[in-house]
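**Student:** Protein chains in written order, with the numbering used here: chain A, 1 to 275; chain B, 1001 to 1275; chain C, 2001 to 2330; chain D, 3001 to 3271; chain E, 4001 to 4271.
Hints are computed from structural coordinates only; laboratory data are not their basis. Here a beta-carbon is modelled for each residue, glycine too, at the ideal position from N, C-alpha and C.
Stretches of chain B that chain D covers, calculated by requiring three or more beta carbons in the stretch to come under 8 Å of a beta carbon on chain D:
id: 1; region: 1093-1101
id: 2; region: 1153-1162
Taking lysine-lysine pairs in the DSS-like style, the calculated list, with each CA pair at most 25 Å apart, reads:
id: 3; chain 1: D; residue 1: Lys3159; chain 2: E; residue 2: Lys4159
id: 4; chain 1: A; residue 1: Lys184; chain 2: A; residue 2: Lys158
id: 5; chain 1: B; residue 1: Lys1047; chain 2: B; residue 2: Lys1184
id: 6; chain 1: A; residue 1: Lys184; chain 2: A; residue 2: Lys160
id: 7; chain 1: E; residue 1: Lys4007; chain 2: B; residue 2: Lys1047
id: 8; chain 1: A; residue 1: Lys47; chain 2: E; residue 2: Lys4159
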Amino acid sequence: MSTIVLDNVWKEYGDQIVLEKVSLTIASRAFVALVGPSGCGKTTFLKMLLGEEAPTRGTITLDGIPLMAEPGPDRGVVFQRYSVFPHLTVLGNVLLGKAFTGSKIAARLFGASKRSAVEEARQLIADVGLAGSEDKYPAQLSGGMQQRLALAQALIMKPKVLLLDEPFGALDPGIRAEIHVLMKRLWHETELTVVMVTHDMREAFTLGTRVIAFERPRDRPEERERYGALLSRDIDIWPPRIAGEPSIFAPDRDDPVMPLGLAQDDLAPTQGDNP
Amino acid sequence: MSTIVLDNVWKEYGDQIVLEKVSLTIASRAFVALVGPSGCGKTTFLKMLLGEEAPTRGTITLDGIPLMAEPGPDRGVVFQRYSVFPHLTVLGNVLLGKAFTGSKIAARLFGASKRSAVEEARQLIADVGLAGSEDKYPAQLSGGMQQRLALAQALIMKPKVLLLDEPFGALDPGIRAEIHVLMKRLWHETELTVVMVTHDMREAFTLGTRVIAFERPRDRPEERERYGALLSRDIDIWPPRIAGEPSIFAPDRDDPVMPLGLAQDDLAPTQGDNP
Amino acid sequence: QAKTDFKVAWSIYVGWMPWGYAADNGIVQKWADKYGITIEVTQFNDYVESMNQYTAGAYDAVTLTNMDGLSIPAAGGVDTTAVIIGDFSNGNDAVILKDQTALAAIKGQPVNLVEFSVSHYLLARALESAGMSERDVNVVNTSDPDMVGAFQTPDVTAMVTWNPMVSEILALPDATNVFNSADIPGEIIDLMVANTDVLAANPDFGKALVGIWYDTMSIMTADTPEGAAARQAMGVASGTDQAGFEAQLAATKLFPTPAEAVAFTTAPELATTMDRVRTFLFDKGLLGSGAPSADVIGIELPDGTVLGDAANVKLRFTASYLSMAADSAL
Amino acid sequence: MRWINTKPGPAMRLMLMLAPFVLLVIAYSMGSAARLADNPSDKLLPALASLTDAINRMAFTPDVRTGEYLMWVDTTASLSRLLWALGISTAIALLFGMTVGMFPYVRALLAPFIATISMVPPLALLPILFIVLGLGEAAKITLIVIGVAPAMIRDLALKVIELPREQIIKAETLGGSSWQIALRVVLPQTLPRLLTCLRLQLGPAWLFLIAAEAISADSGLGYRIFLVRRYLSMDVIFPYVAWITLLAIIMNFALDRLRIAIFPWSNLERQ
Amino acid sequence: MRWINTKPGPAMRLMLMLAPFVLLVIAYSMGSAARLADNPSDKLLPALASLTDAINRMAFTPDVRTGEYLMWVDTTASLSRLLWALGISTAIALLFGMTVGMFPYVRALLAPFIATISMVPPLALLPILFIVLGLGEAAKITLIVIGVAPAMIRDLALKVIELPREQIIKAETLGGSSWQIALRVVLPQTLPRLLTCLRLQLGPAWLFLIAAEAISADSGLGYRIFLVRRYLSMDVIFPYVAWITLLAIIMNFALDRLRIAIFPWSNLERQ
Ligand SMILES: Nc1ncnc2c1ncn2[C@@H]1O[C@H](COP(=O)(O)OP(=O)(O)OP(=O)(O)O)[C@@H](O)[C@H]1O
Ligand SMILES: Nc1ncnc2c1ncn2[C@@H]1O[C@H](COP(=O)(O)OP(=O)(O)OP(=O)(O)O)[C@@H](O)[C@H]1O
Ligand SMILES: NC(N)=O
Ligand SMILES: [Mg+2]
Ligand SMILES: [Mg+2]
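Take the sequences, apply the hints, and build the full model.
**Tutor:** Below, the structure written as C-alpha cells:
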C-alpha cells in the first residue's frame, strides 16, 4: 500500500502564492499524470511530495504517516535532466543505491553482497533495455538511454512512489514512444504509485490512470501575490487502466490517428522500404 | 523569385559521410518542412543552405547563382537557441540588422535614419506580438517570446530565404500553437521561401507545403563511414497550400482530433470555467 | 660625450641617507644650478637593484661599497670612478651569535647572511682572524630586510648583517656581537661612484656631487637644531627615528671634512684593503666565470699605481674631486 | 535531517560569519600578551594599543619631514600605480582577447605565444624590466601588466570563443561585417566578463605591486612594508596589511557592482 | 570572406605559431649584439654563446665546491618544495572546499573568512611566517600554501555548489547519508575540477616559491636567480627563467592529461 493524501496544501515562496488549497488522494498503484501551463507549480508540487520543499500550509501523508521532511529511499525520482551521475558508468549508477544502503561508511559493496547487487543491477539494466551498455558513461548514451538508466537507478530501491518531472520531455518522438512502452510495463510489473509531470497531453492520456491539471485562474502580475494555481481538472481515464491487468480495449494507445501515411512518433522505415 | 536548387550534394566530416546524393529543387515561396531522426544531418543540411558549411560534392544555387560561401543578409535564420543577442533589448535586437546595413563603421544609426528604422522595427515587433516589450532583455522574455523576437529580427532584413532549425522545439505546446499561427501569417504576407527543420510531425504537416524526410538506411557503426543519410521521402501536402492564398479547406489544422475534452495544445481554461 | 642631465641612484643605508636629505632640501638643486646641469636623484629600496641599474647604464652615479664596486660594475665592464669616499663601516656590520659569546663557537653552524655581500667578506675576515675558513661554517643566503625576523627563528644561530638590522638584533636578549667591522677598520668603505667616461667628459658633474656631499655633511654633523632636524629627517626616511639614526652613525666613521677623506683615500692601507677584497671576490668566482686570476680587473689607486691588469682598469680611486673641496676650489 | 539539508537562520548566519574573525582577534591578543610577558620589547606581535598608536602615527599625524600623512601618501601612490596597471591590462586584454578569440589567423599566431608568456615568472625578469623602463612608475606598472595581462587575454579569448556559433551566424545573416560583429556583438558581451576577469586578477595585481615597490620606490604601501620590515615593525606592517586587504575587498566588491550597473543583462542571464 | 571566417591551413598554422618565438630570438640577438658592441663585458643581454656557456656550466659541469650539478640540485630542491606545497594545498582545498560547498553551516562559518583571507597579500606576512615556522622548508611550503589554497578552496566550493540540485536529491532518494553523498557523489565529481584548479594555480605557486627562495635558501631555482642577480648574471637568469617556464608548461600539460586519464568521463561531459 502507498496511498498519498494531500489535505488543503498551500505553497508560497515569500510573497508569491504558487499553489492554493490542493486536496487530493492518490490511490495506491495509481499513475497520475500532472499537466498544466509552464510555471503553474507542477515541479513545486512534486518537490513537496519528495520532501524537498515543505508545504506552507496543509499536510501530506503517505499511508497515513506525515511525509519525511527530506527525500528518502521510499520515493524514487527521475528529472528531465541531471538524474544520473556523470562520473559513474551505467552499472555504477544503478548500483549506487545498493551501495548506500549496504555499506554505511565506505558506500561501496564488496564480496558476496557486491556480486548479488551486480546481478540485480544487470537484470534491471536489461529490463530497461540497456544490456550491453553497462560500462558506458552517461555522456556516451543518448538522451533516451539516459532516462532509461535514471529509471533503473530509481527502481532498484523498490520505492513505494515514483515521481517523474517531465522525464521524457527532451526526447525524440520516436524514442519517446519506445520508452512509453517500457514505462507502462514497469508500472504494471512493479508495486509503484507514479506521479508524472508532463507537457505532452498525449503522453498524459497514454500512460495515466488519472490526469490532473493545475491552473492559475488569476494570472495578472498584481494578482500573482494573492492567488496561486489550483487543481482545476481531475479526470479518470476511461476505460480504467489497472496496474498489473491488461487494458480491456485499446491495448496500445501509442499509435494514434495520423493525418498522413508516416508513423507519427517514429520515422523508422516501414519494412522493405530501404532503397 | 528565390528558387533553391541542390544538385547531387554530399557532405562528409572527415571519414564520416553525413549526407549522400541530395538533389532537390525548392520552389520560390515554398514552405519546406524537414524531418528525420536525430543525427541524420538536418542541421548540416541547413548549414549548407546558410553557407556556413560547404558541400563536399555537388552544388547549391539560389536563383541559378551558386550560394555565397558565407551566411549573408539574403538568408535569415532562427535556431532553437542563441538566435537573439542577450545584451540587446528587444528593440536593439530587431534594429541590429538595420544598423549593420546602414552604418558601416559605427554600426549604429543616428538621426532620421534611426527614427525610420525604429519605426519599422516597432511595427515588426508589434507584428510578432511583442508590442510593449521593446525595452526588455531576452532573459526577461519567455522562450516563446524569444523565438518571436528571433523571427522579427530575421524578417527586418527581408531575406529571400528563411531557415529555421527546430525553432519551436523547446516551447510549451500552448505557446507553440500560437506561434504556428504567427508563422503561417508571416509566410503568407512576406516574400519568403522557408525551410524548417522540426522533430514534430504535426508541426511539419501543419505548416509545410512540402515535407521532406532524411534517413540513414545503413546505420550500423561500421557502415557510418561508407553510407550517409538520403532524402528518403518527399511529400507534397494535399490540398496544396499556396503562399498568400487561403487554404481551400481545413483553414486551421492546429486543432486536431482530441482523445478527450481538453484542448490538446493549450490548457487555457474554457470561458466561464473559472472556479 | 658632454651632457647636462645626470641621474644618481642611492639606496637606504646610514652612510647614504644624506643624499635623500640633500635632494629634499634643495642642496642638489643648488649645486646643479651652479654648474648649469640637472641632477635627478633617485632613491632605491633595494641596494642590489640600484647597482644593477647603474651597471646597465641607466644611471650615471650610484652609492655602493668598495667591494660591490669591484664585483658588480667593474666586473660588468663599466669603468667606474669613486668620486666620494664618504665613510667606512666602524661597527655597522657585525657577526652575531645567538646564545654564544665567542666567535670560535661559530664553527659548524649555519650562518645566515646575504651571500657575496660585504657581510660575506666580513665573515671571511672574522673566520680568518679565528684561524678558520668558510669550510668550517655553512652559509645560508637570506635577504637583508628579513634578517631581524629570521634571527628570532629557532634554527638560526649565527648571522652576519649590517645596520639598521644589527642594532635591532642586538636589542634581542640572546644576541651577541662577536665580530664587527670596527675589528677591520677601513675595509668596508661607502662610496659614491660615477661612470668614468661620463665623469671625464663632464667634470662639473663630479664637482657638483662633492659640493652637495660636503654641504650636507656640514649640516648633519653640526650640533645645532638644524643638524638635529637633519638627523631626525634622515632617521625617519630610513624607517626609524633620530635616536636610532644617531646610534647607526656612531658605528660609522664619517669623514665630515674633505681633508679627512683625502687623507684616507691617499693612505697606503687602501691598496692592502682592495687586494684583500679582490682576492676574496676571485675566490668566490665573482670576477667573471672565466677569470684566470684576481688580476683580470685593474684597480687604479689615487697615486696612479694599478693593482692587476693595467690594460683593463675598471675601478679607479681618485682624490682629485675631494681635493677640490678641501681646497675650496668648487 | 541530513547535515546537508540543515540551514542556519539569519541570526545564526551572522554569528557564524563573525566567529572566525573574533577568534582571530582573541588568538592574536593572547599570543601578543604571552610574547610581551616574556619580552616587553618584543616586536613580533605588538599589543593592540601599539597597533592603534602606529595607525595614529602613520595615518593621522603629519610626517615631520614632509608634513604629509604617510599612509595616505602611500595609499595614493600604490592605488594610482594599481589603477594605471589595471587600466592598461584591460585595454591590452580587450584588444588581444577579442582578436585572438575572433580571428583564426590571429589565434594561430598569438595563442601559443601568450600561453607560453603567461607561464614566465615575472619576478625573475624584474631586473631587465627596471633597466629597460627605468625606475619610475613605468617599470612598476609594467610588472603588474606583465603579471596580469596574459591571464586576462586568455580568459577573454576563451570567453569570445565560447560565444555560441549561432549568434555569430545570426549576425552574419543580418549583414554584419567582421568589424561590425566585433563592435556590436562580441565586444559588448565580452565587457562584463572583462570586469569579472579584472576582479579575479586583483590578487595577483597587488602581489606584483608589492614586489615592485619592494625594489624601488619612495612611497607606496608595499614600499613602506619593506622599509619597516628591516626593523620588524609589525605595529606598522599589520595595519598596512589589513588596509591592503580592505582595499582589495572594496575593489572586488565595487567591480562586481559596476558590472551589474553597466551590464544589467549580464546578471539576468545567470538565472 | 570575412576575416572571422578565414582559417589558416595546418602548415600556415605551424608557421604562424612559430613566428613570435622566432621574432623574439631575433630581437634578442640584435639587442644583445648592439649592447655588446658598446661594452664587450655587458651583462644585461649576453650573447647566445654566453647563454650556452652558462647552461653548460650550471647544468652539465659539476660544481667545483660540491661536485654537484647546480641546476639539477636547484631543480630538485624547488620541485620538491612545489610538490609538497601543492599536495598540501590540494588536501586543504578538498577538505574545506567540499565542506563549505556541501554544508550550509560550514559555509556560513567559513566562506566570508576564506574570502577575506584570500585577499591578504601573503608576501607582507613573511616575517611572521618565518618566526613561527623557522627558515627551513616549512616556511617556504607554507608561503605557497597560503598563497594558493584560499583560491582553490573558493573555486572548489563553487564547483560543489554548482552541482545540480537534482543530483543531490536523486542521491537522497537512493538512501544516501551526508557522508555517503559526499564520498560517492560530490567528491568524485570535484576531483577533476581539483586538478584543473591546481593547474590554474601553478603560476601563483611558482611565484610564491621564487619569492620564498629569494628570502632564504641555499638551493633552488629562485634562490639561484636572486643570488646571481646580485652581479647581474643574466647569462644564468635567462636559462633559469626559460627552464622554469618549460617546467610550468610541462606540469600544466601533465595535469590536464592526468585528469583525462583518471577521470575519462570529465572529458566526455564537455562535448
Ligand atoms: N525556490 C523558489 N523560490 C521562489 N519562487 C519559486 C521557487 N521555485 C519555483 N518558484 C516559482 O514558483 C512558480 C512555479 O514554479 P514551478 O517550477 O513549480 O513551475 P512548473 O509548473 O514546474 O513549470 P515548468 O512547466 O516550466 O517546469 C514559478 O512562478 C516559479 O517562479
Ligand atoms: N562539425 C562537425 N564535425 C564532425 N561531425 C559533425 C559535425 N557537425 C555534425 N556532425 C555529425 O554529423 C551528423 C549530423 O549532424 P546534424 O547536427 O546535422 O544532425 P541533426 O539531424 O540536426 O540532428 P538533431 O535532430 O539531433 O539536431 C551527426 O552524426 C554529427 O555527429
Ligand atoms: N655598507 C655597509 N654595509 O657597510
Ligand atoms: Mg517544472
Ligand atoms: Mg539539428
